[in-house]
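Under mature numbering (1 follows the signal peptide of the UniProt record, and there is no 0), read the sequence shown as residues -17 to -1, 1 to 575, first letter to last.
Hints are not guaranteed to be accurate.
[Unchecked claim] Taking CB as the label site, the calculated pair distances span: (1) Ala517 x Ile230: 40 to 50 Å; (2) Val484 x Val525: 33 to 43 Å; (3) Ser422 x Ala175: 29 to 39 Å; (4) Thr276 x Thr404: 43 to 53 Å; (5) Ser231 x Gln181: 20 to 30 Å; (6) Ala541 x Ala175: 32 to 42 Å.
Everything labelled a hint here was simulated from the structure, so no lab data went into it.
Backbone N, C-alpha and C define an ideal beta-carbon position, used for all residues, glycine too.
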Amino acid sequence: MFRGTLMKVSFLNLAQAVRTQPRQQPQARLQQPRQAQQHQARPPRLHQAQPPRQHQARLHQPRQAQPLRQPQARLRHPQPPQHRPLLPPRHHQPRLHHPQPPQQRPPLLPRRQQARPPQRRPPLPHRHHQAQPPQQRPPLLPQRHQVQPPRRPVGCSASGAITHAPGGQGGESVLYTFDQTPNDYYGNYNAAPVNNPQYVSPGYNGRGYAIRLLSNKSQYLTIANYMDFYNTSLTVEAWIYPLAVFISTASYVDMVIYAQTHSATLYQYMWMMLRNGRNYGAFYADDTWGATTFQVNQWQHIAFTYDYATTTQVVYINGVVDGTNTLAPPCLITSGTQTIGSYPAGGGGFFNGYIDQLEILFNGAKTSAEILDDATLVGYYSMDCLSYPASDSGPNQITGVAIGLTSGDGGRVGQSYLFNTTSSYFQITGLVLLGQSYSPFSFAMWVKPILSVTSGGTILHVSSNANGTGWCIPFIGLSPQGQLLALGYNGNSTVQVTGPVLVVGQWVHIVETYSQLNGIRLYINGILYGQSNAFVYGAWGVPMTATLGQPLKGTACAHGGIQIGNYRGEIDEFYIYSRELSQTDITILANP
């Protein structure tokens, strides 16, 4: 009360002292506060003690040369209606909504990540990438090619665009050939059969064995040594021959190929199976389901891959992508039971059919091109090493037979084989898919004649018998005029495409392809030279034999315009595919 009285006296004295001074400029400045206050309820206390003009004049006199914003704000600060408009920066601060200051918020995220590792929170895949950025994963790709050496014997240099380890390329590989043994090809993850499954011959590649698992006998295999798929890329692939495919519209009917199971928890399973007849790959809660139903009583290739860097699951049938999931967190299993042909401990999901060449690859996801080659590259023979002249550098290990061959003057790629006697030939047997009607195929090779081409000759002869007889046709050869010819068979007669006249001493790249849609196509040095009309390839339904250099005893076979006889010249880089090669594929092969 006393303080208020003193302030009133002081204000009156000061007002009388300055009343005689000019007030034009301060009066103009005081108009704005007066107008702003007209919209508010003015405290009666200020009007009773002193008129607003005299009260404000004393306060603002020392600051005539400066804006009156701060004094106005100070006077109005106790008045709630005017507080927010005059302090816009505070309006945007989160202090009103969050008790903690903003500078204390950023450390919360790192502490949460340290307390809960992202890989333990699979429903949030984006945090998985924050903790382990993708740039740490790319080194896995080159490692896939370094882990396993090429299947070429020691002392022979590799050539060509494709060289595979047994069962294909990848990270740490496990391979079950099932050639009368359940053991891993590398000896690290041997399996044990349950309920006495049997082996059958031939396997998918026309030789060796496959394992037969019968669901009505609850047959399967167990693997004791644990395979670690935790937070990593992986590949599972195999050749299967289903004796039955079960489809249900009311529930799931599973035929397990490989399973690793820890518990019924998110991402604690890793399965590849047929579910209602289609390819199904899963980590339990994140899965990928194919669209194509597998056929019974046929060899078919099945694959499931997971790429850790891109969080992508892919399922394949016969080398072709059949389903994709691009938002799949990784497998988080750290221990568990591993089985082939059923769920753990024989708990159902029994496979019914044959399984061959089962490969399990951890720490590496094969690319779609690698899967396609595993499924369709029947054989690749580089012709580089006479010490092992018939070794297969493809995924199937189909070792051929080489008779009377010598090294050429220098191959088109690396070395080559010279066919220069009446007994010279190179042969591959057990070509299962080549013996199936409707099946596409492709042959590719480099050839260089060394004698007159007008004497004709058989470059590639296909037959059901190893001696060149039975169902037999020369697929590629020379006419009496030296023209290159490519043949097929429609069930009644040969189908022929005519190529150019070959030049003695000159390398030329030859590719013959077939599909039911496009018929026979002949490519010369990577360029389409000619093609036939569409037709259905007619075969005997038995594994075929391919012979290079001569027809052996198949001199009475239908041969079109080809003059049956021995080919004299060099051959290099011989490929057999169970698919129709694309123009891109052929361009790559023709330009090594």
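Going through the hints against the structure:
no.	hint	in the structure
1	Ala517 x Ile230: 40 to 50 Å	violated (32 Å)
2	Val484 x Val525: 33 to 43 Å	holds (35 Å)
3	Ser422 x Ala175: 29 to 39 Å	holds (36 Å)
4	Thr276 x Thr404: 43 to 53 Å	holds (51 Å)
5	Ser231 x Gln181: 20 to 30 Å	holds (28 Å)
6	Ala541 x Ala175: 32 to 42 Å	violated (51 Å)
Checked against the numbered hints given earlier, this structure breaks hints 1, 6; the rest are met.
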